[in-house]
Each structure stands twice: as structure tokens, then as C-alpha cells.
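J.: Here the structure of chain Y is known, so what remains is to put chain E in place on it, guided by the hints.
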Amino acid sequence: MKKSNIIMLLAAILPLGLFLFPLWKITLEAPQYPTPLGMYIHINDFSDANPHDIKNINLMNHYVGMKYIPEAIPEFKIFPLGIIITSVIGLLIAFKGNYKWFLGWFILMIALSAAGMYDFYLWEHDYGHNLDPKAIMKFTNPDGTQMGFQPPLFGSKDILNFRAHSYPQFGALFLALGIATSFVAFLIGKKTHKKSMTM
Amino acid sequence: MKNLFKLSIALVFIFTTYTSCNNSKSSDSKSGALADNVAEKVYVAPGEHDEFYAFISGGFSGQLSVYGLPSGRLFKVIPVFSQDAEKAYGYNEETKPMLNTSHGFVPWDDAHHPDISQTNGVVDGRWVFINGNNTPRIAKIDLSTFETTEIIEVPNSAGNHSSSFVTENSEYVVAGTRFSVPIPQKDMPIKDYKGNFKGSLTFISVEPEHGHMDIKFQLIMPGFDYDLAHPGRGASHGWFFFSTYNSEEASTLMEVNASQNDKDFIAAINWKKIEEYVNNGGGTMMPTNYAHNVYDESTHMATSTMKKEVRVVNPSEVPGAVYLLPTPKSPHGCDVDPTGEYIVGNGKLSANLTVHSFTKMLDAIENKKFAGDAYGIPIINFEDVLAGVVEQPGLGPLHTEFDDKGNAYTTFFISSEVVKWKVGTWEVLDRQPCYYSVGHLMIPGGNSQKPWGKYVVAMNKITKDRYLPTGPEVTQSAQLYDISGDKMELLLDFPTIGEPHYAAGCPADLIKPRSKKIFNLEDNNHPYVAKSEMDTKVVRDGKTVHVYMTTIRSHFAPDNIEGIKVGDKVYFHITNLEQDYDVPHGVSMIGANTSELLIMPGQTETFLWEPKQVGVWPFYCTDFCSALHQEMQGYVRVSPANSDTPLKWSLGEDIE
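As they're listed, the protein sequences go chains Y and E. The opening position of the first sequence corresponds to residue 0 in numbering that gives the first Met the number 0, with each subsequent residue numbered one higher. The opening position of the second sequence corresponds to residue 0 in numbering that gives the first Met the number 0, with each subsequent residue numbered one higher.
So that you can see chain Y by itself, here it is in the shape it has in the complex (with noise of 0.2 Å):
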């Protein structure tokens, strides 16, 4: 087998961290909250940092008429069975493909992570600004519109007494890792095929 497809093989097997780590992870400081809360995205279920966490942030935020984080989303179906079968395409690659099918896999899997960062985005958003209208507490902005409290996609922010951070986990740097990986397959596969034809 030959060094770049080895390469790729890693790449390929690299993503299947996930089901092994969580992919992101919200925690929110308040004062009366000397351990934070905080909740684990992973690819297929949330999870609390601390027990029962993910009760409390519900019930801290049907206040403000935030929706309860649901028990499961689509996405939790979707999401593995996507990293499976990229995986599955992966290895396919290392073992048949040559350094062009894994830039192909390269291009895939970033359209396939950006897919899914805009799906959080937007689940975020409507989670944030999707607001009972009944809720006990009504914010608005300084200009008069309705204060959303979608909590940041990456970074940190100030949301009424809280602060949320919102920052990628073990399983997010697995993948990340599986797609760097590949482009250097390609690479390396590139610079063997070049060698190889000057010979």
C-alpha cells in the first residue's frame, strides 16, 4: 500500500471520533451558578456536563419563553449515518482511489461539515428567537425589536445574567483532523504521482 493512501486510510478512520467524543459544547455562567451549566452536543444525542443541566437551562429559559432542548432531533439520525457512510467512502478510497479521489473526499467532507454547521446555526437561531408569547419575561432590543437569546456559534457572548460559551469538543477536532488528513494524502499522493512520472 502505498504512504498516501495509508494516509488516507487514517483520514478516513479519524471521523469516527465522534462517536466517541462530543462534537461542541455550550456552557453558560451565571453568579448563582458556581458550577456552570452546561450541555454536550455529540452526534447523535445532548448531553449534560453535570446531572440534570439540561433540565435546569430549560428551566432557566422558559422565562424568557424558550422552547425545551428536545429529547432527540433529526440530525441525531442523520448526522452518524452521514460520518458512517463518508467513513465508508473513505476507506473505499484508501484502499482503491488515488490522490485525486482524495481531494474529492476533501471537498466532500467540507461541504458535507459546513452543511452542518449552518443546520446548528439555524437550529440555534429558531431556538433562540422562536420565543412563547406568553413568556414571563419579554426583552427587546434598544431599537424595539424582540431580544433573541440564540447563544453564539463559536466564541463567547453575554445573554441577560448569563454568559454562553460555545466552543468545539474532542469529537470536533477528530474530524477536523480526519479532513486535514486527507488533503495531506492528497498531497503526498500528488508529489508520488509527479515523482513517478519524471521516472
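It should be emphasised that the hints constitute simulated quantities derived from the structure, not laboratory data. Think of the CB as a built atom: it goes at the ideal place given N, C-alpha and C, for glycine as much as any other residue. One thing to keep in mind: the hints can contain errors.
Said to hold, decoys possible - Restricting the straight-line Cα-Cα distance to at most 30 Å, the calculated cross-link-like pairs of lysine-lysine (DSSO-like) are: (1) Lys-515(E) / Lys-24(Y); (2) Lys-156(Y) / Lys-306(E); (3) Lys-24(Y) / Lys-368(E); (4) Lys-190(Y) / Lys-95(Y); (5) Lys-530(E) / Lys-133(Y); (6) Lys-516(E) / Lys-66(Y); (7) Lys-647(E) / Lys-133(Y); (8) Lys-24(Y) / Lys-271(E); (9) Lys-516(E) / Lys-54(Y); (10) Lys-24(Y) / Lys-511(E); (11) Lys-272(E) / Lys-368(E); (12) Lys-66(Y) / Lys-536(E).
Unchecked claim - Looking from chain Y toward chain E, a few residues come up when the C-beta cut is under 7 Å (computed): (13) His-51; (14) Lys-54; (15) Asn-55; (16) Leu-58.
T.: Just chain E now, kept in the frame of chain Y:
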């Protein structure tokens, strides 16, 4: 005249010099105090934690208080033997059985001597045991929840005072009687006390995993008063020592008649030997009646069981298990040093402090150096058991604890001081006054093999002018001394609840990590739990109505109930659905003849309401739970007894 003027100038000059000299002197002493800042030693900055927990008995309040050291801040009063309307202890249906006894429901007691469980002679921070003195009981407090989870009544006992001390692996918690009484109780003339009244010493086994208590045996001793006790440790593990007074066996004008003998006794009990005897079927099962009350954390309920017999053992049945060590005079505290070699008898009417030697005692037993016997129990020669005497240390010694450097600290009630002395050489090293008339004292771990000898807490019997006055009744008071150096240093006065008789302390790190934050709702096995708002309902059974209600920020479910009638017995079973730290909800119903409930997250509690008047009656949350706490309220419609208003309930919509 001129001279007089000169003289006065001179005088003024001298005076000024003197005063300014005085000034500089006082500022000197100020900087001296700053260099050795007492306030800093007790200051625990906002948000920081104390180094030690101190569990200080509430005396006649019947409760146990939890303090931090060195700050002297009060964190919690744990209800033990007395009803507590704040926490609904003894008021709600779940905890009423905790206060059941063979005399029925007893809502009060006199809580005396807390002792923390031990493993290998070291305080382990799992449970605190404390005795109810008046209606003899021993309670166990679980230090993961800081709640009383078990109370066992002690039969054949009266004035349960030489209690509740644990052996070095918490094999037993031991309870000795203060009063001797007829055993079994019977109608007889009081004047026939002598020879007929007996004193019981009760060994209650502690199940190692959950701490369940069970009376293993009672030793039926001569009719003295058994005052205080401590277990042997290390080499003397397996023995237990009880101080006695009234070896005169008087029954009236005790202050005089029980103070006649030069020496009373410390009773030395080889409990291992008696345990072996009992394990082989020894002793007699005696009919009796006592309550055993157990609180189950999973059902959040207590049950009370009446037990009908107890195993009794007479000293004569187990030769070589019980001896009497003569000790001057009416000893109070009976304290064993960390090595287990020395037994200190704090003869409260004696001018000296008597210390016995465990090795000398064993030797005297082996060589039968006896001075006689009392009711067949050998009395060891005083000189043959005496290790030493602390000469003229003070007046009225009461109680001794130990540090980790071979020193002992004894309280003196009459001369109102704590005296530090050296174990082995018996020399007095230091003394510090107490304000006023100190009773007991406590060093964290000071009655174990491993004392943490940094502080001693003195618990005073008299307060008088130490704080702002509050009318004739003033607070009880404790004082904290730094004992890390050669000399003791008074750091702090702090008020205490009830009358603290004794205390137990340990490093906070032993307990803090195990302290529960919430009860898991999914583990709640209360028979009337509602684990979600879907499970809430109102069920009528004749004239009894059960309301399965929930609380969560910031509403009750249901919050409107109709169809209740005058003369009903309405049980509100309220489950707090919260699963967040420090979000209890309270509840109270207008006119309910009971206390509020204060329900911790994941817990279910029940109060009884018997409506007597037609109307629409409100209830509300009594604990400020959230921004919408004031909105957390509801109504119950009460109809006449013969009405046919249907039973209905709702949340968020009108009852049609």
C-alpha cells in the same frame, strides 16, 4: 507666685511627657497585637470555607448544631429529638415516627454528647451519634445528608447520660444510664433504692455499611449513677470506661448524700469478653418495650417498630469482665488518651485530677490486687491502678481532651478555666480563663487515636455579659482557643444554641466531598410520589383525600382543586421536581394545624390539612425559590360536607 507658675509649667510639662509616653506605649501594644493578629486567625474570607466542622450539641433544644471552625459560624441546626417547624421535622407525616417512643410521641429531648463514627481509631466523618438524655434514646445523623436517619430508644435506662460514645471501629455506640431504676420497672418504695435499683449499660451494635443500630446487650450494673464514658483505644481497645457517682446509692438530697464517699468508681468493662459470651448464647432475653425508628432515604419516610425484648447480662455471669477503679470524687468526664494507656477521671469535687493506667490495671487484675468488691464486682486497689495525679490544677475538673503532641486539656467549672497539662509527667503547662464556668471542651478528633490539635472549643455554662444583652435569657457561649503553640490563645467567642454539653469535630475534607446536593428524583420511592406533572392527581377514599402535587419553578401542579369538603382529611403529598442544588420549595395551607413543609429537590413530603370552614382557601410556596416565587400559589375550594361538588383539579386552565 512666680515659683508657683514655674512649678505648674513644670508639672504640665511632666504630665505631657508622661501622657505622650503613655500614648506611644499604647500604640506599641497595638502594633504588637497586629504583629500577632488574632482576628486574622479566625477570619474566613467571603466564599471561602472553614477548615473544620464542629457538631455542637444543642442541649435542651434537643438538636445538633453544625459550626465551622475557626470562624464560629453556624451553618445548620439538625433536628434530632425535638420537633422543628422550620424543617417540618416531627410535623410532617414522614418524620413523625422518628419521635415515637414506648411513652408515645415525645416531641422534645435533652441532646447531650455527639460523637463521630470512627474507623481504626480515627474519626471517619460518616455519622454522628447523639444521646437523648431525658427519654433515653440514641440518634444517628447521616453526614451525607445532615439529617437524622435513625433513633433507637434505650430500655431499662433513665437519664441516658454516659452516652453516646463509639468504639474505635464503630462496632458499638454505647449508652449508659445516669439514674438507676428498678429493672424491670415496678411499683416499689423509693427508700428501698439501695441494692434494688440497677444501672444499665447498653451496647448498641452499628452495622458497618449503613450504620443500622441494634441493641446487642445490656449490662445490669449496681445502682450507681453512670455519668460519662469513653472507649479504650489502641492497646485498651475492647474495654469501655464509665465514671460513676452516687456509689452511696442515695435517692434523696443527692447533692449532699451522693457526695459523701471519698472515692467513687470508674467502671472498666471488657466488652469484647461480654460480646463473646453473648455470641455464644449468653445472657437472658428480657421482655421490654422500646421503639426503633428508621428513616429511609429512598422512600423519604420513617417507620417506627416496637421491639419487645432485650438481652441482659449480669456482671456475675461473665467473671473477669467488669472491675471498679476507685476514683476521687464524683468523677464527671472519663477520658482516654490517644494511646489508650491513660484513663482520666475528672473528679469534679476533687482538688486533684486522677489518671489511671491501663497496664497497671491489667497487672492488678492478674495479681488480684483487690480492695474488696461491690455486689461481687472486684474493686482494684487505688494505688495499684493509679498512673499519676495532676496536683492542684484547678477547681471542679469536668472533662479532658487530648492533642496530637502528648498534651491534655481539662476544663475546670468552678475556677472557670482550661488547663493544659503533660500526659505522663502530669505537670501543668498553661492555663487560660473561660467566660464563664466552662463545661465540656472539644478538640477535633480529641477523643480518638488521631487528634487534630489546632483548636480547642470550650463550651461555657454561663454567659452573663459577654454579648449584647437580650433580657434575662442570654445566649449560650463557646470560646475558641488556638492550641498550636506552647501557650493557648483565646481567639473567639461565639454564641451557640441550647446548652452545648459536648461537641465533636473533624477536618471538613472528611465530610465536604460526600455532602449530597440533591436527591435523585428517579430514586424517589415514596408511595405518594408524583415524578412529573403528568402523575399529579387528587384521589378521594371516603373522607380521606390524597393530593399528589408537584413543585417546580414557579408553580404547583395542580394549583386549583375543587371538591374538597368540610370534615375531610386532606393529605398533601408534595414532590419537589427540581434537580438543582439549593432549590427547595416550601408550602403552607391557611389554617393547617401543622408546620410548613420545606422540600428538598427530588424529595416528597406530606402535611395533613383538615378544613373546618367552607370557602376558597389559598396555599403558597414559603421558600423564596425564584423570581416568580410570589406567583407560586394556588386555591382549594372547600364545599359543605353534604355538597356534591365534583373532585377536580387543574393547572393553567379553569375548572369547568
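J.: Decide, hint by hint, whether the structure agrees.
T.: Do the hints match the structure? See the list:
1. In summary, the hint linking Lys-515(E) to Lys-24(Y) is supported, as the alpha carbons are separated by about 26 Å, within the 30 Å threshold.
2. At most 30 Å may separate the alpha-carbon atoms for a hinted pair to count; Lys-156(Y) and Lys-306(E) exceed this at roughly 63 Å.
3. For the suggested pair Lys-24(Y) and Lys-368(E), the alpha carbons sit about 77 Å apart, so the restraint of at most 30 Å is broken.
4. Taken as a hint, the Lys-190(Y) and Lys-95(Y) pair is honoured in the structure, with Cα atoms around 18 Å apart against an allowance of 30 Å.
5. A distance of roughly 26 Å separates the Cα atoms of Lys-530(E) and Lys-133(Y); the hinted pair therefore holds under the 30 Å criterion.
6. Restraint check for Lys-516(E) and Lys-66(Y): satisfied, since their Cα atoms lie roughly 27 Å apart, inside the 30 Å limit.
7. A distance of roughly 25 Å separates the Cα atoms of Lys-647(E) and Lys-133(Y); the hinted pair therefore holds under the 30 Å criterion.
8. Using a Cα cut-off of 30 Å, the hinted pair Lys-24(Y) and Lys-271(E) is violated, with the two alpha carbons roughly 58 Å apart.
9. A C-alpha spacing of about 16 Å is found between Lys-516(E) and Lys-54(Y), which places the hinted pair at or below 30 Å, so the restraint holds.
10. A C-alpha spacing of about 29 Å is found between Lys-24(Y) and Lys-511(E), which places the hinted pair at or below 30 Å, so the restraint holds.
11. Proximity of Lys-272(E) to Lys-368(E) is assessed by CA-CA distance (about 21 Å); at most 30 Å being required, the pair is judged to hold.
12. Annotation: proposed proximity of Lys-66(Y) to Lys-536(E) holds, straight-line Cα distance about 26 Å (limit 30 Å).
13. Evaluation of the His-51(Y) hint against chain E yields a held restraint, the C-beta minimum of about 4 Å falling below 7 Å.
14. For Lys-54(Y), the interface hint holds, the least distance from its beta-carbon to any beta-carbon of chain E being 6 Å, beneath 7 Å.
15. Checking Asn-55(Y) against chain E by beta carbon gives a least distance of about 5 Å; that is within 7 Å, so the hint holds.
16. At about 6 Å, the closest approach between the beta carbon of Leu-58(Y) and any beta carbon in chain E falls short of 7 Å, and the interface hint on this residue holds.
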